[in-house]
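Residue numbers (this note's numbering), protein chains in the order written: chain U, 1 to 543; chain G, 1 to 543.
Think of the hints as simulated: they come from the structure by calculation, not from any bench. Just so you know, these numbers come straight off a predicted model, no measurement behind them. Take these hints with a grain of salt, some might be off.
Same chains, same names: a pair is fine if it fits in one copy or spans any two.
[Said to hold, decoys possible] No more than 20 Å apart at the CA atoms, straight line, and that leaves these computed lysine to any residue pairs for SDA-like:
| no. | residue 1 | residue 2 |
| --- | --- | --- |
| 1 | K320 | T280 |
| 2 | K131 | N97 |
| 3 | K271 | H40 |
| 4 | K6 | D176 |
| 5 | K6 | E179 |
| 6 | K523 | V484 |
| 7 | K24 | Q347 |
| 8 | K28 | E348 |
Number of protein chains: 2
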Amino acid sequence: MKVGIKHMMDFPLTLRSMLERGEKLFPKKEIVSRTLSGIHRYTYADYGQRTRRLSSALQTLGVKSGDRVGTFAWNNHRHLEAYFAVPCMGAVLHTVNIRLSAEHISYIINHAGDKVLLVDEDLVPLIENVKDQLGSVKAYIVMSDQKELPPTSLSPAYSYEELLQQGDPLYAYPEDLDENSPMGMCYTSATTGNPKGVVYSHRGIFLHSLCIGLADTLGLSERDSCLPVVPMFHANAWGLPFGAVWYGTKLVLPGPGPTPEVLLGLIEQEKVTLAAGVPTVWLALLKSMEAGDRDTSSIRAAVCGGAAAPRDMIKTFETKYNIPFLHAYGMTETAPVALVSRLKSYQEAWDTDEILDVRAKQGLLVPGLEMKVMGEKGEVQWDGQEMGELLLRGPWIADSYYNDERSQTTFSDGWLHTGDVATVDGEGFVKLVDRMKDLIKSGGEWISSVDLENALMAHPAVFEASVIGVPHPTWQERPVACVVLKEAHAGKVGEQDLRDFLADKFAKWWIPDRVVFMDKIPKTSVGKFLKRAMREMLKDTFA
Amino acid sequence: MKVGIKHMMDFPLTLRSMLERGEKLFPKKEIVSRTLSGIHRYTYADYGQRTRRLSSALQTLGVKSGDRVGTFAWNNHRHLEAYFAVPCMGAVLHTVNIRLSAEHISYIINHAGDKVLLVDEDLVPLIENVKDQLGSVKAYIVMSDQKELPPTSLSPAYSYEELLQQGDPLYAYPEDLDENSPMGMCYTSATTGNPKGVVYSHRGIFLHSLCIGLADTLGLSERDSCLPVVPMFHANAWGLPFGAVWYGTKLVLPGPGPTPEVLLGLIEQEKVTLAAGVPTVWLALLKSMEAGDRDTSSIRAAVCGGAAAPRDMIKTFETKYNIPFLHAYGMTETAPVALVSRLKSYQEAWDTDEILDVRAKQGLLVPGLEMKVMGEKGEVQWDGQEMGELLLRGPWIADSYYNDERSQTTFSDGWLHTGDVATVDGEGFVKLVDRMKDLIKSGGEWISSVDLENALMAHPAVFEASVIGVPHPTWQERPVACVVLKEAHAGKVGEQDLRDFLADKFAKWWIPDRVVFMDKIPKTSVGKFLKRAMREMLKDTFA
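Isolated chain U (complex conformation) (with noise of 0.2 Å):
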C-alpha cells in the first residue's frame, strides 16, 4: 500500500470547523463578558454573527490573508470576536500585551507588521502614546460600548460597532484554508532584548483546543462555565476562549482590571465551574475567600499555571474549601498547556501529604506531546533526582521565534529546549527546580538555586535568600548565598550559622561555599531577583 500519499478525507484542520459547531449546535448557550458599563449577555449565535461581521469588516478595510491584526484588549466579548473573526478570515491575530512598557508595545506592534489595531476604548491613551512610533498600522478600531467613536488622536481611526453593524453576518469563510496556514501570534519577553514573536498554526491552535477538552487534563465541556481570568493577550488565554467556542462552553469574561471581588462575584452569579489564573490571582482570590463568607462551591477546576503555585496555597483549596486544584504548565512556545497535574485513579488513595506533593509538581505530559529531561549524561532516571533540562515536542509547540536570531538556542534538533530545569518522579510527574540559566554547575553535577533559595528562607532570622553560581577554578562553579537578614537579627547571625543550618538538608557538595549578607538584593522591574547583576557582582569571588 502507498505510503506519503493521503489516505482519509483531506481535511484541513483550521478555526472555521471550530467556530461552526459552536455557532449551529450551541445557539442558545451565553457568553458572559464584564465591560466597562456593566455586564453584557448574548449567546453563540449573536457571537458567530457579529464575528462574521467582524470579518466582512475587517476585509472591507483591506485586511487579506496573512495580514496581522493586534489586538489591545481585556477579556471581553470583542475581544472574543476577534479571536475567531481574524483567523477564519486567513489573516493572523496578534494579541498585544497591554502591561508592557512603551517601548515593547511599539516593538512588537512594528515587528508583527499589525495592518490593524482593534484596542479597547480604556486602553486607547495607551496606543496613543506611541502611535508616532507605529509604522505598519494602517487603521485602529476601537472597541467601545457605544456606538460613536470616542475622542482620539489615532487616526485613521474607526467605531468598532459602527463597522460591525456594516459588515455581513453571513461572511462565509473560506473551507480550502492550509492548517498550517498562521492564526495567530504572541510575544513573549526576553530575560534581556526585546520581546520574541510566536507564531500559532491553524493546525496547533485546533490540536491545543482538542487536548484541553480531554476528560485527563482539563476536562473543558459544555457543561462548564469558565472564567479565564488569565489575560486573552497572555498565550491565547491558555487556549480556553477556542475550546470554548467549540464545544459550546458557557464563558464568563472579566473585563477591565478585574479585583477579587468582582471576581468572587462572577463565580457566584455566574456559577462558574472552571476558572483559570496564575498564582498571584488564586493568592488574592483565597485571600479575599478567607475574609468574606462566598459561595465558591460551583468551581470543580481552579485552574492555575504562569508560575509553580505554592503547597500550601494548594492545600487550602483542596481541603478548606473543597476546590480540586489543577496546577499546569506551558509557555507562550507551547500554545500553551503542556504539563497537567491531574492525578492518577490509584494515587487518590494515597495520604493528603503525598496527594499535595504531587499536586504541587507541574504534573504528566499531555497526550499529543513528547518530553525528555536532558541532564549532563543525557536523559535523567524518573527518580525525582535526577536534574535536566525539560525540551518538548509536538503539533502545538513553535518551531522558532518569528524573524529573530534568537530561535536557534531555544529550538535545536526538533525539540523546544525550555531553558526550565526538572526532575521526574517514578510516575512520570515532572516538577521543576529552576532556570537553566540559574542552576550551578559544579563539578560536573548540577545544583538548583532554588532549592537552596528555599532552604535559605525557612530560616528564622533570614528576610531573602538569592543563591547563584559563581565561577570556580576547580569546580567550573560554586554556589554562593546572598542573604538579607530580618532587622531583628541583622548582624546576629553569621555564614556559619546558615552553612550549618544548610547542612543536614542537603549533601555536602550543595552547601554554598560563600555567604554574602546584603541590605537588599537587586531585582528586576516585576520583582524577580536580578541573577545576572549578582554575577557580575561577586564573579571574582574564587578568582
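Go by the hints and put chain G onto chain U.
Below, chain G alone, put in the same frame as chain U:
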C-alpha cells in the same frame, strides 16, 4: 506572513507517540484479557515490551512499510499488541471479521493482500478452511496461550509466543512516519457483492482517539476501566483500544465468544466504568441483569452503537439501573465515532420522557467533524421533521474504498454519503429514520419506511411488517406494506383495518396504498428484511 508553509513544529500525528505515552507514563496500569485458559493480566510496561517484540518479529519475517498484516482474533491482549505493533512499524493492520462467510474471508484477505496473518488458536480451523484460496499470505502466526505451535495445516505457521521470545523488547519505531500513511484497514459489508475496504491513516486514528477522550463525547480517561464488547475486528472496537493505550486506561478484553454471564462477571470483578457494545449485547446483558442480582454500579457509561437502541431499553438502564446510556453513531467509514447523544447541560432539567427522546436519538456531531443533511431541496430545516441524507466530512472519514469501483457513489464532493436518512431537531440532535435505499419517494416528498413499520408493528394483530416503495405512474413511488399477522389473528384483520389504524398517526399521503398479507417476509442471513426481494416481487402493483 507566509501562508502554506508550516508555522509550528512539523510533528507527525502517529500511533508511535500514543503508544510511548502509555508505556512511559502508565507502566503499572493493567490490561486484563480473557483467553482460552483463563484471565490473563499484565501491565502497560509488559504490553509495550511485547508490542515491540512483535514488531521486531514481524520485521524478521519480512514485513515492510505499507505491507498488510491481517488479524483474525477475538478481543484479547495479543490482538491489542498487534493494534500498535503493526502500525508503529509502518505496516497496515487489517482486522478481518471472523463472522464473515468463508467466501468473504478469502476475498478480503486476498483483496487487502495480507502478507502475514495472525490467527487466534480457536479460529485456526476457519482459516484452514480457506487457506487454498489465499494468494498473498506468506506466513501464519498462531496466537495461543501455549508456546508450542498447535497442530495445523496452515503453512508456514509460527507460534506467536515463540516469535515474541525471539523479538527485541527495545525495538525502536521510526519517528518520521508520514501521518497520512495507512495504519489500518477494515472491510464493511455491502448490500450486494463483496465487502468494501476502508483504509485508516495514522492521522485519522490519532485525531479520532483525541475525540473519544473529550469530556463531551465518551470522555475516555485514565480513570476508566474500559470493556469493549464490540469486536476489535469491527471498526476498531470503536477506537477504544487506541485511546486506552494512549491515556493509560485499564482495558478489560472479554476474549472468545463472551456470554452475558461472562461480561457481567468481568464488569463486577474489574469494576468496569465504560462498556461498549451493539444493542443486542445490551439487550442480552439486561436480560441477565433482570434475572439475577448483579453489581453494575461501577458503570458510568453504557456506550451503544451499530444500530438504533430501543427507547424502552435505554429507559430501563437509565431509570432502573441508574446506568447512563450513551447512544452513539458511526460507520466503518467514519473510524467510527461521528455522533454521540450526550445531553446538553440545560437538557438535564427536562422531564424524563423528553430526556429519553434525546437519548434515543443518534446524537450531536462530535468536535472535529462536519455534517449536513441533504433533502430534496437542499439542506433540511432543523425541525425534527424534514428528512435528508446524512453527509459527513472530517479528518477521520475515509475518502474512498480501497481499490473499489463502488467508491464514487459513496464519496463525492468531499463528503461521505452515509446512505442514512435523518432528521435534525432544533437542538442539533440527529435521528436516523431510514436507509436511503429504503426511503419512499412520493410526489417529491420523502416517506420513512421505518416509521411506518414501527407504527404497524404496534398493532396488536401484527407479527411483523415491512414497508417498501413501489413504482407508481403518478407519484414516482407509493408505500406498500407487507404484513405477517399473528397466528390467532390471521384472516381476521383486513387491509382497511390497518390503514385506519395508521390514519391518525401520519399525514394522509404517508398511508400505504396497499397492505399485502404474507406468511413470512423474506430476510437476509442476519435477519434484516430483504426489501430488494420484496420490491422486485411487488414492482407491478401500480402498473
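For each hint, the structure was consulted:
1. Only within a single protomer do K320 and T280 lie at most 20 Å apart by alpha-carbon distance; the minimum there is 19 Å, versus 48 Å between protomers.
2. For a Cα distance limit of 20 Å, the shortest separation of K131 from N97 inside one copy, 16 Å, qualifies, whereas the shortest one across copies, 68 Å, does not.
3. Taking the shortest Cα distances, K271 and H40 sit within 20 Å of each other inside one copy (16 Å), while across copies they are farther apart (46 Å).
4. In this assembly of identical chains, the alpha carbons of K6 and D176 lie at most 20 Å apart whether taken from the same copy (16 Å) or from different copies (16 Å).
5. For the identical chains of this complex, K6 and E179 are neighbours both inside a copy (15 Å) and across copies (9 Å), given an alpha-carbon limit of 20 Å.
6. In this homomeric assembly, K523 and V484 come within 20 Å of each other (Cα to Cα) only inside a single copy, at 13 Å, whereas the closest approach across copies is 89 Å.
7. In this assembly of identical chains, K24 and Q347 lie within 20 Å of each other by CA distance solely across copies; the values are 17 Å between and 40 Å within a copy.
8. In this assembly of identical chains, K28 and E348 lie within 20 Å of each other by CA distance solely across copies; the values are 15 Å between and 37 Å within a copy.
Checked against the numbered hints above, the structure violates none of them.
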